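Enquirer: Add chains E, P and Z with the ligands to chain A, keeping to what the hints say.
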Amino acid sequence: MTTTQPAAGGRATSAPLMGRESEPTLFELSSPGRISANFRITGVPEWTAEELVPAAHLRDTPTPVAEVSERDLVAHMTRLSHRQFSVDLGAYPLGSCTMKYNPKLCDDAVARSGLADVHPAAPPAMTQGWMALLADLESALCRITGMAAATLQPPAGAAGELTGLLLMRAFHGAAGEDGRRRRVLIPDSAHGTNPASVTLGGYEVTQVPSDDRGCVDLAALADRLDDDVAGIMLTNPNTLGLFEEDIVAIAGAVHEVGGLLYYDGANLNAILGVTRPGDMGFDIVHMNLHKTFAVPHGGGGPGAGPVAVTSRLAPYLPGPRPVATPQGAYEWVEPEHSIGRIHSWHGNALALARAWSYILANGGDGLRRVSDAAVLNANWLRHQLRGTYDIPYDRPCMHEFVASATNLKRTTGLRALDVAKRLLEEGFHAPTTYFPLIVEEALMIEPTETESPQTLAALADALVRIAADSGENGRAAPRTAPVGRVDEARAARQLVPTWDARPADL
Amino acid sequence: MTTTQPAAGGRATSAPLMGRESEPTLFELSSPGRISANFRITGVPEWTAEELVPAAHLRDTPTPVAEVSERDLVAHMTRLSHRQFSVDLGAYPLGSCTMKYNPKLCDDAVARSGLADVHPAAPPAMTQGWMALLADLESALCRITGMAAATLQPPAGAAGELTGLLLMRAFHGAAGEDGRRRRVLIPDSAHGTNPASVTLGGYEVTQVPSDDRGCVDLAALADRLDDDVAGIMLTNPNTLGLFEEDIVAIAGAVHEVGGLLYYDGANLNAILGVTRPGDMGFDIVHMNLHKTFAVPHGGGGPGAGPVAVTSRLAPYLPGPRPVATPQGAYEWVEPEHSIGRIHSWHGNALALARAWSYILANGGDGLRRVSDAAVLNANWLRHQLRGTYDIPYDRPCMHEFVASATNLKRTTGLRALDVAKRLLEEGFHAPTTYFPLIVEEALMIEPTETESPQTLAALADALVRIAADSGENGRAAPRTAPVGRVDEARAARQLVPTWDARPADL
Amino acid sequence: MHFVPHTDAELAEMLTSIGLSSIDELFDAVPAALRLAGGLDLAPGLAEADVAVCFDAYAAANRPVGRDFVCFAGAGAYDHDIPSVVGRLAYRSEFVTAYTPYQPEVAQGVLQALFEYQTLVCRLFGTDVANASLYDGASACVEAVNLAVASTRRSDVWVSRGLHPQWRQVLATMAVGTGHDLVDVALDDGLSSWPADGQPAAIVVQSPNYLGCLEDVAAAGELARSLGGLLIVAADPVSAGLLTSPGSLGADVVVGEGQPFGASLSLGGPYLGLFACRKEHVRRLPGRLVGETVDTEGRRAYVTTLRTREQDIRREKASSNVCTNQTLMAVAFLVHLGWLGTAGLRELALRCARGTRYCREALLAIDGVEPLVGAPVLREFAVRTPVAADVVVERMAEEGFLAGVALGEEYGEGLLIAVTEKRTSGEIDAYVNAFEKVVR
Amino acid sequence: MHFVPHTDAELAEMLTSIGLSSIDELFDAVPAALRLAGGLDLAPGLAEADVAVCFDAYAAANRPVGRDFVCFAGAGAYDHDIPSVVGRLAYRSEFVTAYTPYQPEVAQGVLQALFEYQTLVCRLFGTDVANASLYDGASACVEAVNLAVASTRRSDVWVSRGLHPQWRQVLATMAVGTGHDLVDVALDDGLSSWPADGQPAAIVVQSPNYLGCLEDVAAAGELARSLGGLLIVAADPVSAGLLTSPGSLGADVVVGEGQPFGASLSLGGPYLGLFACRKEHVRRLPGRLVGETVDTEGRRAYVTTLRTREQDIRREKASSNVCTNQTLMAVAFLVHLGWLGTAGLRELALRCARGTRYCREALLAIDGVEPLVGAPVLREFAVRTPVAADVVVERMAEEGFLAGVALGEEYGEGLLIAVTEKRTSGEIDAYVNAFEKVVR
Ligand SMILES: Cc1ncc(COP(=O)(O)O)c(C=O)c1O
Ligand SMILES: Cc1ncc(COP(=O)(O)O)c(C=O)c1O
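Residue numbers (our numbering), protein chains in the order written: chain A, 1 to 506; chain E, 1 to 506; chain P, 1 to 440; chain Z, 1 to 440.
Next comes chain A alone, as it looks inside the complex (with noise of 0.2 Å):
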């Protein structure tokens, strides 16, 4: 499979707790032969391949693996561990991306075998504890957000859009306005999943820009505003962290031409408890139970994206949705009027499951302190970087603030980019960097509610350091990281997707 010589395994080469060699891949440590693998004694025929597989389907060769012993594969792994930043090793204050601290308790909730060895398509006689548990979450879930009815199916946020505006359809199209809605506004400040999600909805996008004070701008709305309007989709607070105070205008005026509202709950996390978007009058809800709920992000997923509606929706939502029965025992439902399925099976069920331990554990109570730390928390930081960073909208925010770089690189050179670099040598995750995209050289912070008081002022404390600081040093950052600024240009133009790929100079 390869030449090239195996690597050594055992060599902890790339822990950095041994210096900054890189690790090899799992392709160079392997040797043709070695092997992990080992299988139970069946006592079953042991037919050959080529009596199993038709000659015309059977391959020639073994499908190329790798050829590593078990002891090298532990070591390679928790290697790579040795390299990745994550929450449980730091603060993590990325914007809109709700990095908080994810309990431990939830990791056991869901490890027990009476809910991960259950097959999906087992009849729910055998599956009812499963469906209870749905139930009980969904149910809650409309309870947070002030909704009537939901779909846990959505595997991740913007599934859970693409869902409502198929909803949205559904709706529009029952009431034979499907041909002429066509539609969607979204702010400016919007995250990018919006207007994605409303391409593949089928739908138009129609930008809103926001105010001077970081808002939507009611007049431009108006504007924009007609019955060709299938919807708006906002998240409140917006990305910028600010509450959108005339929203009760807002979902007035969208309801005014038959439109629909669409929360992007992304921003859930600073509002449980204090309001609802149902009270704000929206129509379709959906929560990253990833970032609001805990279900820990796992490098970029899975999440769980579930979509609450209201019962003018519900009707149309996907299916089978889990429902008691007078008896007491669940079925799975089709709703009367359902857009279908939305994921193979139940969506990404065992995090749901993660996140009804973690609403559970907290309960409604908790769930407010959520919030109102989350909230006291990126307000604190915020009085602390002002003066050293611009604030763009510098009023009083939500459960994150967006700040930005733009005198800084006046003054000195340094770049958002180069202070999330720098963060990173002091300890730190960086914040987002150039979101949203209507702040120039924007650093969006969301410190969360897990984090301390204590670890609060040392992250303020570093980035008004890293401000006082040469621009040489940032652009040089990071020099303690388990590699220096990668080459991203590089990687675009000369495209190395696998490790076969690789080009033999390197």
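For the record, the hints were derived by calculation from the structure and aren't laboratory data. All values derive from a computational prediction rather than experimental measurement. Heads up, a few of these hints could be off.
Okay, the calculated bits of chain P under chain A, using three or more residues with CB under 8 Å as the criterion [stated by the list, open to error]:
(1) 60 to 74
(2) 127 to 136
Which chain E residues stay away from chain A? Per the calculated CB distances, all over 10 Å, these [as the list claims (entries may be wrong)]:
(3) 55
(4) 136
(5) 213
(6) 228
(7) 338
(8) 412
(9) 434
(10) 487
All residues carry an ideal CB built from backbone N, CA and C; glycine is no exception.
Expert: Using the frame of chain A, we list chains E, P and Z with the ligands on its own:
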């Protein structure tokens, strides 16, 4: 509890991923009133402490522990783990310690509630599974060592040694010879626990010198043998990694004067399925399951040090032992002339279970392969280092060998200690240094069977490069570890055994 | 229980320091009319131990597969042995609690793991590129169809009924938004019978298909090429140990459900959408792609690349809306498959095939049990039973077996049965005996 | 299955390169007569999945405590809730697969954890120094006695019968080697009744003692001091949340069983021997001790210290022979106790005491159930039952309870009962009801 300001909990200051700052202690992360603990709802009446504890016993103030958030506790321990080398990160050629790969299947085997949640004082009817497991392990250990019966109680090798010495006493005592037999012979190359155990067993140590081939000096042995000798403690292969070829003669001579032979099983990794202590003439054998049988060492323990004996010593074994009745059920049985209990309960039961899972997985064939590869690896590595390092006893070794930096020290000033520290920089753990005591500037190297030829080559390469390097580099090492060389003298001179005892100026 | 570290004193101090006197003032921007009176309508928080009690109760109300409920169900979710290394490595907290690798310098762990995962997916499927995962098999299939539609600028998509029916349902749900037409292609004795002519954007075929049959992928590929459309193959990563790869048979895009490697059954999620394609489609690749590059000192490094395809940059023109994917499942896939290795993958596939044949032959020897279709199968098969399939499933549950998955009307009913490497001959024999009893 | 990475080709190549032609030649030093013919008398290796099958069978043959077998047994092994953080943190592979910290520069993780553990043990027990762990409570007690004998150069050790009987057995086993005399001190209505005079090297008292009673530690301390001996107290780390610390009451050495923090019941091991003492005894401290120091750059660092006490340096004159200890259990103790924190430790102790009182009062209301002794108890208590205690245990098992531990003759029989914070009033009520039934 402390007046110092709490440090930043979320900050990865100590994660080597992020640089070389130190990690605050739990006590520094503590903030008055902060809490992780929570308790289930029980419905038990909430009597106060005053109502429950007689005033004379009730403490005035709470016992100070720490006051940290779960988030900070998790980050703290995770960061500490990143400051720790381990087998799972890289090769660990620590002579005598057998730092082999610990298969993950064993972790899962013992994690079952059916093993972990069993109360040690539960009646035998409730613990039949455990008793069967222990009896099965005992039987396997007897087959591996060529012995008749065993006790699983000793929680580590040293405890096994002491158990063995007390068995000796009981044996000689039964023969009315307890007063006369005062001496136990041990070679000068023996591990420190051997003489320490001899003292605790109430015997006097008589040291036996090694001959110039690194083995027991037969003449010197003969000189020291008399009818006041209770026995001899040997490990074979010995701590130089050499097989005592004259073991049969030694056994004959010791038995001749009525002494018993004790086998220190720390080096059993070399001879699994090749030969057995019982065949060599030993009467008592301890095994370090945390070495030979892959119980992970846990940063220092727990281990397990079962002791197996010939049939004439079986009546003296500690009790109770799990024994199958003719009806097939297991009972706890006290050996007839038992020396008594060695452990509060039944030994380090979960560690014993791990070892049994390892033995089951390997089987007789796999265990033999362990020794084959362990011995081959050691000899191969010895060949590579010849010429660069002194090999005081340069002949075929078993699973480990002892090199020396004596010449190196003379030529470049590089001591065994410096070689060790330099090796840390190279991503390997260091060998055991300055042991056995009979070799100057000793570097005791045990690669173990789980390191691949590629890893061995890299290790050899590093050791050769280090030897070619300047003494100055050696003295500066390690430069890539979480801390530089530590001041051991100061630790002893200004003892700071707890955080509370820290001098204010630190 | 909550996870906010602040003591009340700290909260008060922080509030004061920013000029506020109460927590409520933090929410001044929220109009009074919108404030939730009385708090959330949820029970108070529970202690960790009480959450465990609740979850024990949920778990106890399920019937998990295992020794007492032996699994012969598959249909896209397979009961394979997962080696201990998966849980111990993929679920290390550094992988679990990291975000998407936006800062590559401190995310080399996840990035390199994904790079290795991509390499493995390409090796399994015989393709040039694979992305860093999608939600599940169905969503990967949706993205493949979208890619084909965008690339061919055509709107008809031929979908075999051999494609998992739930995937087809998801395709149908999503097609309402994207607006292409799904053309249902029937099976003939277990194999897709493609129209001879048309202008398909893509031909979508699964092999082994839903009924377990091996499709003629090469022929589908030729047809697609001759008609100017793309060939999308839904493949099984386990069967990849024995079958000629879809890529080498002409597939443009290969998708699959990655569950068999590293994911427990878990009522269907989280699983793993595998997505791989030929190089020429890389600019339309949905989701994240990790590429190799170097750092400032020339050391090998990894980074997400060709990011301009993605929603955060391309917005409404992005190739897909996916953001959060299933990275952790991809890491688990890497560990499981890495552990199996080259020989182990083949052995695994072989063992599944052996158990399948052994079980199938024994079942077909039962009076009244007949093959549902005649095409050759590999690791899953369908039978017609004298008693309705759902009744068989019900009765077999009482005998201690999850008998399989009852097929719907569109397949002419029948029972779909999967036998993995986990099943011993003893279990299979007991299953067959019970089967004989319940279909009588 | 084995874990040797070498392929046969690699083995052969390595052999050749060192001039050998077969594996057997590696063992030329082993006399032919000693070679084991036919290999080990053990079954061939099993696959991981088959080992799991074996272990499932062992586990199934036990009756673990839990919902269906509610635990009221203690006697030195307690059924406490262990928070999830313990498993997730203490059992990280860096801690699990490290050796004793011989190279401090790459062992700061374990060293700092032990330093923090030592600090906690000292805080619990009111002492100056604690070691880095011993095997279990009994071995810690043995070491304490050895320290006292060495330090006083006396040979009589007064041991209360309130000390766990199994610890006393271990003391007796070991005393054969060390040669001192153990003087058995009887209990009077549950409390130790010390001789008025003598020359004890040490007085050994447990409080709460084996019967759960609170001993007068201060008085024992005064007696010890007045007679020139040391006071050794065996203490319970949970009770430390409520009780005045033994150190402040005059203990010279405090030992204990650390199991309640972080260790599962596990048939009695691995547990954790706690050992702490006054500063003046530090040079006789058995086992490892971690101290704070600095590195070459002046950064705080930790290292094992005062190593000249230990066996590897001092050999036959070492203060103890301990080498491998129970470090991982100490790390688990640190995590569990760190999670409880100051308030949580007190609350835990309080909850145990509350459950104990609640259960005790209800049991004593049953006809014929009487207190075994009159002294005040805290978290464990003994009753006299109308039916023999071991019969009660047997019958209660049928009712779903591990009723307690039947006391031996030396305590006048009776049943020893422990109620931890895990027990709900519902469980206790059910227990009492069942109790009433079985003692009738
Ligand atoms: C504001 C906002 N909307 C939507 C999303 C998309 O959610 P997901 O990544 O779960 O698809 C995100 C996630 O980053 C977000 O921050
Ligand atoms: C040769 C030898 N004997 C005895 C021992 C003591 O064993 P333990 O550490 O398990 O007490 C060791 C352990 O280091 C050893 O290497």
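Enquirer: A separate judgement is required for each hint: does it hold in the structure or not?
Expert: Hint check:
Evaluation of the coverage hint for the region 60 to 74 of chain P: fulfilled, as 10 residues show C-beta separations to chain A shorter than 8 Å, against a requirement of three. Coverage of the region 127 to 136 of chain P by chain A holds. Counting CB-CB distances below 8 Å, 7 residues qualify, and the rule asks for three or more. For residue 55 of chain E, the non-interface assignment is confirmed: its Cβ lies about 36 Å from the closest Cβ of chain A, beyond the 10 Å cut-off. At roughly 18 Å, the least C-beta separation between residue 136 of chain E and chain A is larger than 10 Å, which holds for a residue marked as non-interface.
Annotated as non-interface, residue 213 of chain E keeps its C-beta farther than 10 Å from every C-beta of chain A; the closest such distance is 32 Å. Non-interface call for residue 228 of chain E relative to chain A: holds, since the shortest CB-CB distance, roughly 48 Å, exceeds 10 Å. Under the 10 Å C-beta cut-off, the non-interface status given to residue 338 of chain E relative to chain A holds; the minimum distance is some 40 Å. Residue-level check passed: residue 412 of chain E sits 22 Å from the nearest beta carbon of chain A, beyond 10 Å.
Separation of residue 434 of chain E from chain A is adequate, the least Cβ-Cβ distance of about 23 Å exceeding the 10 Å criterion. A cut-off of 10 Å between C-beta atoms confirms that residue 487 of chain E is not in contact with chain A; the least separation is 21 Å.
Figure legend: structure checked against the earlier numbered hints; every hint is met.
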